[in-house]
Amino acid sequence: MALYEAAQLSFHGETIMDEAQDFSRLHLSAYLHQNCDNLCCDAEAITNTLTHPQHKTIPRLSSAKCGDHLLKGSEEWKKSLRELVNMDFLIAKSLHQEELLQISKWWKDLGLVEKLPKARNQAVKWYTWSMASINDPRLSSQRIELTKPIAFIYLIDDIFDLYGTIPELTLFTQAINRWDDTAIYMLPEYMRMSYKALVDTTNEIAHNIHKKHGHNPINALKAAWASLCDAFLIEARWFASGELPTAQEYLKNGKVSTGVHVVLVHLFFLLGRGGLNDEINLDHTSKLTSSIAAILRLWDDLGSSKDEHQDGQDGSYITCYMKDEPNVSAKQARQHVVDMILNEWRNLNQECCRLNHFSAACFKRYALNLARMVPLMYAYDENQRLPLLEEYMRRALFD
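Numbering-wise, UniProt numbering puts 36 at position 36 of the sequence shown, and it's gapless, one number per residue.
No lab work stands behind these hints: they were computed from the structure.
It is possible that some hints are incorrect.
Stated by the list, open to error - Cut-off 20 Å, straight-line C-alpha distance, at most; resulting in silico cross-link-like pairs (PhoX-like, lysine-lysine):
id, residue 1, residue 2
1, K105, K115
2, K108, K118
3, K105, K93
4, K125, K93
5, K287, K364
6, K196, K115
What the hints assert, rightly or not - Beta-carbon label-pair distances, calculated as ranges:
id, residue 1, residue 2, range
7, F11, L90, 37 to 45 Å
8, D42, H215, 29 to 37 Å
9, E243, D181, 28 to 36 Å
The structure displayed is predicted, hence computed values, not measured ones.
Every residue gets a Cβ at the ideal spot worked out from N, C-alpha and C, and that includes glycine.
Please build the complete structure, drawing on both the sequences and the hints.
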């Protein structure tokens with residue numbers, strides 16, 4: 001098990017690590033097969049390791065599963081440790097519930113739910129991204145503030161997918177690029193309201209960061225929103241034309257349209273980074289951003305069902321890849337995507353080891369948590385539900 005866990009940290013070209021992963025997976029799977037009728041603790045732990053290796057799993061969920069396994073028994077020290085673990089979870093849960101209340105009130109007060117009834121209204125899900133990423137209980141305000149751009153990423157995605165015409169979306173994108181209210185008066189009311197809410201929220205976040213840390217990130221935040229809307233518009237034009245892009249073109253644009261770069265830029269500045277000595281590249285072309293975004297995009301596209309059961313059009317890397325490679329079966333295409341996700345994790349491992357200076361440690365850890373959160377958000381079961389996400393939210397917020 002330890003060998004399999006260690007192999008998750010591999011870089012590109014480390015064939016011995018790949019061999020170690022294959023070797024350990026083979027033997028662990030063989031053990032499970034031989035003991036399939038024995039619901040022992042070892043079998044449970046091995047299954048958990050194979051499906052949720054610690055390096056690729058949200059720490060809070062990973063620790064909960066490990067605790068469930070390791071703390072079984074009636075020994076006095078295990079009882080005491082279980083009490084301590086439960087107390088920690090209760091304290092964190094109380095804090096998270098209070099933060100969620102603040103987010104829900106903020107979202108309701110914007111008044112956008114009534115104007116866009118078909119758009120996703122999922123404050124709990126949006127907050128879960130921030131809760132999982134920034135797991136330090138002391139950073140309550142950062143979790144709340146980070147949830148706000150995440151909410152707008154979902155909202156703007158739905159505007160492009162479900163509401164706007166191409167001319168309207170073009171004007172909306174131009175307005176975001178200009179960051180100028182004079183550009184919005186030709187837009188429908190719901191777009192004007194959404195634009196105004198986004199600009200006001202972003203300006204407020206930038207002002208608070210400037211007040212607290214002494215530097216104003218507004219230009220970086222504006223650039224992130226502009227590139228996101230540019231990517232959404234490219235997708236909208238593809239789907240309106242009925243012509244699929246190549247798989248390479250789709251993925252290049254699709255990594256931007258995930259909004260990962262928007263989240264990371266906000267996260268970076270909310271953590272107080274961005275001074276003269278901070279030289280981390282965070283736009284959508286950076287290796288860190290690109291790898292996390294690719295993991296999200298490819299996981300999303302692995303799902304055969306429509307995300308959120310919506311009526312809008314969604315592209316798929318698999319569809320584009322099979323168009324480029326007509327002799328490839330759907331099963332082969334899906335395996336190709338799985339292999340790509342593994343490669344992106346190798347890229348991410350290498351980039352995180354490169355960012356090893358102290359000032360980047362917290363940012364790197366929280367960025368990694370975003371990648372770890374992706375399977376929970378996009379691993380649909382046969383009933384088009386998200387059991388991993390439901391379990392995590394139940395443990396963290398509701399039980």
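So, going through the hints one by one against the coordinates:
1. K105 x K115: Since the Cα atoms of K105 and K115 sit roughly 17 Å apart, the hinted pair holds (cutoff 20 Å).
2. K108 x K118: With Cα atoms ~15 Å apart, K108 and K118 stay inside 20 Å; holds.
3. K105 x K93: Holds, because 18 Å separates the two Cα atoms, which is no more than 20 Å.
4. K125 x K93: At roughly 15 Å apart (the allowed maximum being 20 Å), K93 and K125 satisfy the hint.
5. K287 x K364: 12 Å, holds
6. K196 x K115: Given pair K196, K115 holds - Cα atoms ~13 Å apart, limit 20 Å.
7. F11 x L90: 37 to 45 Å: Distance hint for F11, L90 holds at roughly 40 Å.
8. D42 x H215: 29 to 37 Å: 52 Å, violated
9. E243 x D181: 28 to 36 Å: Because 35 Å falls inside the window, the suggested range holds.
Consistency with the previously given hints fails for number 8 only.
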